Amino acid sequence: MISSPSIDVPDLSVYEILKKTAGEHPDNIAYEYLGHKETYRSFLAQVDDLSLRFRKMGIYKDDRVIICLPNCPQALVSFYALNRLGAIAVMVHPLSSKNEIEFYIKDSGSKMAITLGKFVPNFPKIGSFEGFQTLIVTSPVDMLPYVYGKVIQIVNKDSRMPKGSLGFGMIRWKKMMKDKVDYVPYDMPEVTAEDPAAILYTGGTTGRNKGAVHSSRSFNTTSFGMIELSGVLGEGTTMLAEMPMFHGFGLCTCVHLPVCIGLTIILVPIFTLDSLCKTIVKKKVNYMAGVPTLYEKMMDNKHLANADLSFMKGIFCGGDSMSVEAKERVDGFFAQHGCERRIRIGFGCTECLTATAITPKFEERPGSVGVPIPGFSYKIMDLETGEEAKDGEVGEMCIAGPSLMLRYYGNPEETAQVLRVHDDGQTWLHTGDVGLIDDGFIYFKNRIKRIIITSGYNVFPSQIEELLSHHAAVEASCIIGVPDEMRGTRVKAYIVLKAGVENTPETIDSIKSYVKANIAAYAKPREYVVVDSLPKTKLGKVDYRMLEQESAQSSSSTSM
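FYI, in my numbering the residues of the sequence shown are 1 to 560.
Quick caveat, the hints were computed from the structure, so don't treat them as lab data.
Some hints here could point you the wrong way.
[Claimed, not checked] No farther apart than 27 angstroms at their CA atoms in a straight line, the calculated lysine-lysine pairs in the DSS-like style are these: (1) K498 with K538; (2) K56 with K178; (3) K98 with K174; (4) K61 with K178.
[Said to hold, decoys possible] Ranges of calculated distance between the beta carbons of each label pair, as one might list FRET restraints: (5) T489 with S6: 41 to 47 angstroms; (6) Y146 with G432: 23 to 29 angstroms; (7) V281 with P124: 21 to 27 angstroms; (8) I126 with E502: 32 to 38 angstroms; (9) E502 with F271: 28 to 34 angstroms.
In this text, all values refer to a predicted model and were calculated from it rather than measured experimentally.
Beta carbons are placed, not taken as given, at the ideal position from N, Cα and C, and that holds for glycine.
Build the full structure now, drawing on both the sequences and the hints.
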């Protein structure tokens, strides 16, 4: 087991953290959105005003409210306004399907939802679900100055609101903000750091989505811990918020962390690679967080080809594993463009909000996800015996610390499966991930459920994917297990070839020979399939479940 000493963290709600920062740095720019800026003083005023309007609409402590928005001021202000009331923000992907939206409303028991006009058709009629009373409909430009917003609406049709009546129980954001409210202060409830602040849904590739309930303490300890371990600066510093707010990585790392110390959040509602790279250069972004595929694509973007990136002070990476070779390429790219910082790999999951381990500022180890952030502990549990593994031995990664979720909402059985009290009296999160601890550093290997058992041997797909990433012809790969009469399961490889590499028998033979020479015979893929691209989940991870389904359907069709 390894632990990092705790640090002093304010025992406040996320709203109170914002209020504290606004008091200390009132004139700092809190956020910038499509060129428009707001100070921390005005940001807090927006939050206070909106909280009164939510209260007038019947929102009270412990009520759940869905925020189904891109990274825009309405999402940002709503999150903190709800927390002032002690209500719980249910963060939902704005591109969720109609069935998914209905599931989130029903599962969370949400009373109200906020979404863009273009997504209204995905929401059920008011009254379809017990307790679901109000749908607030907004436009991406509703919190911009009038003339500025009108110009954007002319250029971007998606920012326009639907015309005519919205229907029963639906209200336009702008109308809500124009309605008079009683500015005699309502009796605000006592909201503590331990009270629920948000529900974040798991990615969904492992089955039924589950809502992880997180307190303000989760957000605060993670934010201040990352600041301490990585050396994030304060006043006058910018953080790019292109990671979505419906994900813990975006909501905590890109939003609440900056709020804790008065940084400027650059809100990016939607982007192409070109627009994002132009924003980084134009705004001279100091810090950003992203997934591995984003950084790899950035290296080939024309807008960064001759750019001076010396203004970048921190680059965080998470959400998926990154091979050693890929990290070296990306680090080399940033170094060539004047950035003295190397990518900081992190490890975490929805159940612990976001990263609870990160590459420290003092040292890094190839292939490692770093060390625990202050206040957190990691240990490895043997997969067979359930006992704590020795240093260097592979097992399930378990985490203890103040950012663990309170529970899965309305799901005590699943909660008991992942949050377990060990003999030391601490509650440990069983992540379902395989890794090891070596000389004080943590190494992620694979998802437990992705272990392929072939002829009685354990095969870790990520190890083969890491190996394939070093082959000159391979751009990307995904390893899955498929049924096999003789072995039980056999290994199958999906390969994306690099640009200019032809899909010839010679190319495939070269890859096969390379793999055969570098891994045990039982672990080598028995089948190779070349594809143009790998499917991705909404969070940008390789969707191996989809490949498993496609493979099963293909086998079924062949056997008919």
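Comparing the hints with the structure gives:
1. K498 with K538: Holds. K498 to K538 sits at ~24 angstroms (cutoff 27 angstroms).
2. K56 with K178: With a Cα-Cα distance of about 13 angstroms, the restraint between K56 and K178 holds, given a limit of 27 angstroms.
3. K98 with K174: 25 angstroms, holds
4. K61 with K178: 24 angstroms, holds
5. T489 with S6: 41 to 47 angstroms: 44 angstroms, holds
6. Y146 with G432: 23 to 29 angstroms: 50 angstroms, violated
7. V281 with P124: 21 to 27 angstroms: Since V281 and P124 have Cβ atoms about 43 angstroms apart, the given range 21 to 27 angstroms is violated.
8. I126 with E502: 32 to 38 angstroms: 57 angstroms, violated
9. E502 with F271: 28 to 34 angstroms: Given about 33 angstroms between the Cβ atoms, the range holds.
Hints 6, 7, 8 from the earlier list are contradicted by this structure; the remaining hints agree with it.
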